[in-house]
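Student: Sequence:
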Amino acid sequence: MSYFENKYGRREKVYRRSYYIDNILLTQLEDLSKIYRAKIPDFINDSVEELIKTENIELYDKAEGELSIKYTLLVRKSNLKGLEDLNKRYGISLSKLVNIAIRNLLNSQKHLITN
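Going by the numbering used here, the first residue of the sequence shown is number 2, and it counts up by one from there.
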């Protein structure tokens, strides 16, 4: 593999999609984007990629009064296919799967977020 492929990776086709994401999750991702060299869509795509690999689908109770915001982003083609496969297998909406993926990412990195 060349230096550029190792360092930057190849581009993948992306598609514009909208999902309803819990406001608290978006707020946490926004805070992270102020610390790390990544934007909210980067975090979402990476969390979805990890969910597809692990299939770590843990349902959670939504906090009472918690709002979901319609958020539009560019999603990698492989992530769209993976989300659709998970949707067919588990019968969970795409928006809920995205929320689960984000929550998994945030929970797995809690020690980094609080420091």
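Any given hint could turn out to be false.
Stated by the list, open to error - DSS-like mimics (lysine-lysine), calculated; alpha carbons at most 30 Å apart, straight line: (1) Lys-8 / Lys-111; (2) Lys-71 / Lys-14; (3) Lys-78 / Lys-14; (4) Lys-40 / Lys-97; (5) Lys-35 / Lys-89; (6) Lys-35 / Lys-78; (7) Lys-14 / Lys-54.
Claimed, not checked - Quick list of the computed label-pair ranges, beta carbon to beta carbon: (8) Ala-64 / Glu-6: 34 to 44 Å; (9) Gly-66 / Tyr-9: 37 to 47 Å; (10) Glu-6 / Glu-67: 37 to 47 Å; (11) Gly-10 / Gly-66: 33 to 43 Å.
Honestly, the hints are just simulated from the structure, not real lab data.
From a predicted model like this one, the values you see are computed outputs, not experimental measurements.
Idealized CB from N, CA, C, for every residue including glycine.
Student: Do the alpha carbons of Lys-8 and Lys-111 lie within 30 Å of each other, as the hint requires?
Tutor: 26 Å, holds
Student: Are Lys-35 and Lys-89 close enough, with their CA atoms no more than 30 Å apart?
Tutor: Not satisfied, since the Cα-Cα distance of roughly 35 Å exceeds 30 Å.
Student: Verify the CB-CB distance for Gly-66 and Tyr-9 against the hinted window 37 to 47 Å.
Tutor: Holds, since Gly-66 and Tyr-9 (Cβ atoms, about 42 Å apart) stay within the stated range.
Student: Using the C-beta atoms of Glu-6 and Glu-67, is the stated range 37 to 47 Å upheld?
Tutor: 41 Å, holds
Student: Tell me if the straight-line CA distance from Lys-14 to Lys-54 falls inside 30 Å.
Tutor: Measuring from Cα to Cα gives roughly 19 Å; hence the hint holds.
Student: Within a Cα-Cα threshold of 30 Å, do Lys-40 and Lys-97 meet the stated pairing?
Tutor: Distance ~21 Å between Lys-40 and Lys-97 Cα, so the pair holds.
Student: For the pair supplied as a hint, Lys-35 and Lys-78, is the alpha-carbon distance within the 30 Å limit?
Tutor: Within the cut-off at roughly 26 Å; holds.
Student: With respect to the beta-carbon atoms only, verify the hint that Ala-64 and Glu-6 lie 34 to 44 Å apart.
Tutor: 42 Å, holds
Student: Hey, Lys-71 versus Lys-14, does the alpha-carbon distance stay inside 30 Å?
Tutor: Status holds; Cα separation ~22 Å.
Student: Falls inside 33 to 43 Å, the C-beta gap from Gly-10 to Gly-66?
Tutor: The hint (33 to 43 Å, Cβ to Cβ) holds, given that Gly-10 and Gly-66 are roughly 40 Å apart.
Student: Verify the proposed pairing of Lys-78 with Lys-14, using a straight-line Cα cut of 30 Å.
Tutor: 6 Å, holds
Comparing the model with each numbered hint stated earlier shows that hint 5 is the single one that does not hold.
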